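Q: Starting from the given sequences, assemble the full structure and let the hints guide the process.
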Amino acid sequence: MNRIRLLPEQVANQIAAGEVVERPASVVKELVENSLDAQSSKITVEIQNGGKSLIRVMDDGFGMSKDDALMCLERHATSKIRTAEDLSSIDTMGFRGEALPSIASVSRFSLTTREREGESVEGTQVVIQGGKIIQVSAAGHAPGTTLEVRQLFYNIPARRKFLRSEETEAAHIQHYLLLIALAYPKISFTFVKDGRIVWQLSPTTEADPMKGLRQRLGALHGGNDQFLGVQFSVELPRLSDPEEHAGELAEKPGAPFKIWGYIGAPGVSRSNREDQHLFVNRRPIDNRGLNFALLEGYHNALMKGRYPVCCLFIEIDPSEVDVNIHPSKREVKFHRERAVRFYLTQAVRTTLLQYHHQPGPATIPVPPAKNRKSRDQSQIRLH
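For the sequence shown, the residue numbers in my numbering are 192 to 574.
Hint data in this document are derived by calculation from the structure and do not stem from the laboratory. Note that the structure is a prediction, hence the values are computed from the model and not measured. Among these hints, one or two may not hold up.
[Stated by the list, open to error] Straight line, CA to CA, 16 angstroms or less: simulated EDC-like cross-link-like pairs of lysine to aspartate or glutamate:
hint : residue 1 : residue 2
1    : 384       : 360
2    : 384       : 339
3    : 449       : 360
4    : 257       : 310
5    : 524       : 477
6    : 524       : 506
7    : 524       : 508
8    : 449       : 426
9    : 384       : 358
10   : 323       : 265
11   : 449       : 528
12   : 257       : 308
13   : 377       : 228
14   : 257       : 306
15   : 449       : 506
16   : 257       : 313
17   : 384       : 357
[Unchecked claim] Computed Cβ-Cβ distance ranges for the label pairs, DEER-style:
hint : residue 1 : residue 2 : range
18   : 353       : 198       : 37 to 47 angstroms
19   : 464       : 548       : 21 to 31 angstroms
20   : 331       : 496       : 52 to 62 angstroms
Yeah, the Cβ is synthetic: ideal placement off N, Cα and C, and Gly gets one too.
A: Shown next as structure tokens:
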């Protein structure tokens, strides 16, 4: 008797959903990322009962044809990558091709879409319940896509009962939307909770990213806290084998590396890390090493038990960072994390020194390298 057998596709999708869809905020994250990749200029997110009853995400992006609308609901179907080599230089928010089929397998799901540049004035609607396609029909719709997720985990009661209260789940959704609104100030965001508009953020018209970010920070956080602008850039040399040459920096120019954004002035702090926002190539991330590097940059400027307030963006060659670690895509690994941490610390420290002393252009030493004969000769100028 054979003991090993293939799982039914529906069961496989529900298992995958356990990794991709942890809670309603995970659904919002995956759907909004697809809207961003579709180059939307306006995104509306509506939830009811903390996302348990309804999650609706509407955008004015590219939209999809009927064939693409059906194909996107298949596992491992994506428009973001083509070959395995593409995984080493990902520049889109979503890329795994698992989100939509996973979400559809654990909810009452509908997708309504119409191509922005298509010839047809009709859209397409696909209705799915528990992973099974119930209906495919023509539908009226503006160019773009609307996705509705109702009764999340209705067919997996064990998962549904472990969800937190409606207020807690709604807070997780709002926190994610805050991060993504900061990362994309040129996109209009509307957040509706239980029929009440929480945010209606207009797109910034500022050409300067720093000014655009400051405007969006003011809209979300108010203008009570004092922020200091951070603009720092160096070049990370390209290494053929980052693991073999960890800690070594070659002299020749290489991959551009930039840190920009805002940090709280001395005296501006919090009792936790909730207002500490870090992004890598516009992707909100969690990285304990960078959290420690940020704290080290403040050194004695913060009291013990207090944490910095910041909104910092790290721009780095996609081949230098690995986001393909977990389906949530919040964890990232850098090929040369020691150098990235060092430069983050120095960027923060130099900004604070300039705030106190207003010196001229500062020079930042390169991080210590193995067997380096003249460590003091190489300096990198802060722009």
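Q: Now tell me, hint by hint, if it's right for this structure.
A: Tested hints:
At most 16 angstroms may separate the alpha-carbon atoms for a hinted pair to count; residue 384 and residue 360 meet this at roughly 11 angstroms. Between residue 384 and residue 339 the alpha-carbon distance is near 14 angstroms, which keeps this suggested pair within the 16 angstroms criterion. Straight-line distance between C-alpha atoms of residue 449 and residue 360 comes to about 34 angstroms, which puts the hinted pair past the 16 angstroms bound. For a cut-off of 16 angstroms, the pair hint linking residue 257 to residue 310 stands: about 12 angstroms separates their Cα positions.
Proposed proximity of residue 524 and residue 477 is supported: the alpha carbons are some 10 angstroms apart, at most 16 angstroms. Using a Cα cut-off of 16 angstroms, the hinted pair residue 524 and residue 506 holds, with the two alpha carbons roughly 14 angstroms apart. Proposed proximity of residue 524 and residue 508 is supported: the alpha carbons are some 13 angstroms apart, at most 16 angstroms. Between residue 449 and residue 426, the direct Cα distance comes to roughly 8 angstroms. Compliance with the 16 angstroms bound is thereby established for this hinted pair.
At most 16 angstroms may separate the alpha-carbon atoms for a hinted pair to count; residue 384 and residue 358 meet this at roughly 11 angstroms. In summary, the hint linking residue 323 to residue 265 is supported, as the alpha carbons are separated by about 11 angstroms, within the 16 angstroms threshold. Only pairs whose Cα atoms come within 16 angstroms are accepted, and residue 449 paired with residue 528 is accepted, the gap being roughly 14 angstroms. Taken as a hint, the residue 257 and residue 308 pair is honoured in the structure, with Cα atoms around 14 angstroms apart against an allowance of 16 angstroms.
The suggested pairing of residue 377 with residue 228 holds, with an alpha-carbon distance near 14 angstroms, which does not exceed 16 angstroms. The hinted pair formed by residue 257 and residue 306 meets the criterion: a straight-line CA distance of about 9 angstroms does not exceed 16 angstroms. A C-alpha spacing of about 5 angstroms is found between residue 449 and residue 506, which places the hinted pair at or below 16 angstroms, so the restraint holds. Between the alpha carbons of residue 257 and residue 313 the distance comes to roughly 10 angstroms, so the proposed pair stays at or under 16 angstroms and holds.
For the hint pairing residue 384 with residue 357, the CA-to-CA distance comes to about 11 angstroms; that is within 16 angstroms, so the pair holds. The hinted window of 37 to 47 angstroms between residue 353 and residue 198 is violated, with their beta carbons roughly 23 angstroms apart. Look at residue 464 against residue 548: about 28 angstroms separates their beta carbons, and that is inside 21 to 31 angstroms. Remark: the range hint 52 to 62 angstroms for residue 331 to residue 496 is upheld by a beta-carbon distance near 56 angstroms.
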